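Keeping the supplied structure of chain A fixed, place chain B upon it in accordance with the hints.
Residue numbers (numbering that gives the first Met the number 0), protein chains in the order written: chain A, 0 to 393; chain B, 0 to 133.
Just so you know, the hints here were simulated from the structure itself, not pulled from any lab data. Hints are supplied without guarantee of correctness; some may be wrong.
Each computed EDC-like pair below joins lysine to aspartate or glutamate, with the alpha-carbon atoms no more than 20 Å apart [claimed, not checked]:
#1 Lys24/B x Glu139/A
#2 Lys307/A x Asp284/A
#3 Lys211/A x Asp106/B
#4 Lys119/B x Glu2/B
#5 Lys10/A x Asp368/A
#6 Lys24/B x Glu5/B
#7 Lys184/A x Asp365/A
#8 Lys113/B x Glu92/B
#9 Lys10/A x Asp234/A
#10 Lys119/B x Glu139/A
#11 Lys119/B x Glu22/B
#12 Lys236/A x Asp51/A
#13 Lys35/B x Asp259/A
#14 Lys236/A x Asp358/A
#15 Lys119/B x Glu56/B
#16 Lys75/B x Glu139/A
#17 Lys35/B x Glu92/B
#18 Lys10/A x Asp53/A
#19 Lys236/A x Glu40/A
#20 Lys23/B x Glu139/A
#21 Lys113/B x Glu163/A
Every value quoted in this text rests on a predicted model; they were computed, and no experiment measured them.
As a plain string of letters, each chain reads:
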Amino acid sequence: MGANAENIRGKAAIVGAADIVSPTGQLDKSCRELEMQAIREALDDAGLSLSDVDGLLVAGGSQMAALETAAYLGIEPTYIDSSMTGGSSYEIHVEHAMNAVAHGHCEVAVSVYAATPRSAGGRFGRGGGGDPFRPNPVREFEMPYGVALPIGSYALAASRHMAEIGTTSEQLAQIAVSTRAWAGKNPRARHRDPITVDDVISSQMMCSPLHKLDCCLVVDGAGAIVVTTAERAKDLKKPPVYCLGAGTGATHMNITGMPDLTVTPGVLSGPAAFERAGIKPSDVDLLMSYDSFTITVLLSLEDLGFCKKGEGGAFVEDGKLGPGGALPTNTNGGGLSYCHPGMYGMFLLVEATKQIRGDAEDRQVDGVDIAVAHGSGGVLSAMSTVVLGSEATL
Amino acid sequence: MSEIYEPPADTPETQPYWDGTREKKLMLQVCSSTGKYQYPPRAASIHDLGGPVEWREAKGTGTVYAASVHHVPGNKFMRDKVPYVVALIDLEEGMRVMSNVVNCPPDDVRVGMKVKVTWKDLPDGRALPMFEPA
Numbered sequence: 000m001g002a003n004a005e006n007i008r009g010k011a012a013i014v015g016a017a018d019i020v021s022p023t024g025q026l027d028k029s030c031r032e033l034e035m036q037a038i039r040e041a042l043d044d045a046g047l048s049l050s051d052v053d054g055l056l057v058a059g060g061s062q063m064a065a066l067e068t069a070a071y072l073g074i075e076p077t078y079i080d081s082s083m084t085g086g087s088s089y090e091i092h093v094e095h096a097m098n099a100v101a102h103g104h105c106e107v108a109v110s111v112y113a114a115t116p117r118s119a120g121g122r123f124g125r126g127g128g129g130d131p132f133r134p135n136p137v138r139e140f141e142m143p144y145g146v147a148l149p150i151g152s153y154a155l156a157a158s159r160h161m162a163e164i165g166t167t168s169e170q171l172a173q174i175a176v177s178t179r180a181w182a183g184k185n186p187r188a189r190h191r192d193p194i195t196v197d198d199v200i201s202s203q204m205m206c207s208p209l210h211k212l213d214c215c216l217v218v219d220g221a222g223a224i225v226v227t228t229a230e231r232a233k234d235l236k237k238p239p240v241y242c243l244g245a246g247t248g249a250t251h252m253n254i255t256g257m258p259d260l261t262v263t264p265g266v267l268s269g270p271a272a273f274e275r276a277g278i279k280p281s282d283v284d285l286l287m288s289y290d291s292f293t294i295t296v297l298l299s300l301e302d303l304g305f306c307k308k309g310e311g312g313a314f315v316e317d318g319k320l321g322p323g324g325a326l327p328t329n330t331n332g333g334g335l336s337y338c339h340p341g342m343y344g345m346f347l348l349v350e351a352t353k354q355i356r357g358d359a360e361d362r363q364v365d366g367v368d369i370a371v372a373h374g375s376g377g378v379l380s381a382m383s384t385v386v387l388g389s390e391a392t393l
Numbered sequence: 000m001s002e003i004y005e006p007p008a009d010t011p012e013t014q015p016y017w018d019g020t021r022e023k024k025l026m027l028q029v030c031s032s033t034g035k036y037q038y039p040p041r042a043a044s045i046h047d048l049g050g051p052v053e054w055r056e057a058k059g060t061g062t063v064y065a066a067s068v069h070h071v072p073g074n075k076f077m078r079d080k081v082p083y084v085v086a087l088i089d090l091e092e093g094m095r096v097m098s099n100v101v102n103c104p105p106d107d108v109r110v111g112m113k114v115k116v117t118w119k120d121l122p123d124g125r126a127l128p129m130f131e132p133a
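With the rest of the complex left out, here is chain A:
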């Protein structure tokens, strides 16, 4: 935090949250229709309506994403934000929205996401996009070598972690096993059958050292959250989930440019968010940490300070991320087993909100007062950490 930064801890809250997923992985609606449905459900959850919305945040789809969506919805927002960092966009949206409402630039901000990669029969981003009038280092200096995107980039990070630190495939596999155990408690999860470390390691080798079960799903999904001032939040339908602090960091675009493949921008975003929120890792009751691949979680645990650098493998191998464990993580079943339409950060926030409210049904963790949503975008490129809290944390 800049020395003179004003602390807005607890001045904004998530008051509405909804996600739309299906155990089949498929949603038979267009993205625009899903966006409308997600916003409607999140506003209903808050007891608000579209006419209350004066802030809109949308990532991707087009360069003027939020403007297009505002026009589609027929609203005239006074705060508009198309920030796009891939999967961490929605944590960044909360960081921006909490500042916007705390400073009076708008009062009710909505962030929305919908994608249907499974119904489209295709896959999401393959890294070759971008402005044709600017150089594209991925197309020019990575794609000629056939790197699979995004998995190949994460595989390189896992390769380095294993070689430099001694992390094993079994340790990475345990992350998928713990996450699947949570998915077993979520009737909306795509995959619910328990798996073992052996199952992960004997699943198809995709890009060494990552196996098929080290990888997230590619399924349809949508979600929306509503952020407003703490003042307004008090009179709404559900208990406010306060925004205690947020932080962001970006260190590279493509994997060749990542300064150290064992250190993510979580070392920038995490400590900043925790300092603003006035917490330390041991205060966290629930961690929602982006799991595009098992290695993503392992790196984040180290970089957010839940364990020391190099100790992530030992930290996870006793199953402490799973049900009954010391650090409940990705309780919805994660991008690995619940839902991953491409930019999964939205779902981290929805689940954190439900858990703090005590609305997480069979997978509810007892006494969640502080939850962290940690988004990762690009290829470990841009990360954003959001600390959320119950009224007891104010």
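The following block gives chain B in isolation, referenced to the frame of chain A:
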């Protein structure tokens, strides 16, 4: 459709790099005022922001920083090439580049392995720098 992915070279800032490959020279960009390398090539220096850059031939030797054996192809041009090794190579000059490690069994490639440049010709006369055990 060509059988090999032909990297675009449609911006002036990377042209000297690709021109170098025609003579099997691995060219790196250097800041004229600080002497520091930068990769990938850019329109101007980032070390002396906006300042001039020049080009210097790399020795072509380096060390494997990270490596992944791809059992699934990264694009349609690689379908008949699996398994192959995608690696990040730390060049002796200090820059890190992505490449393939070839001329050895994929599973023999190790982090820390010393490698040297070898070339794969492209149809248009350019060539792709790849690496093999030194």
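* Quick one: which hint numbers does this structure break? Sort them smallest to largest. => none
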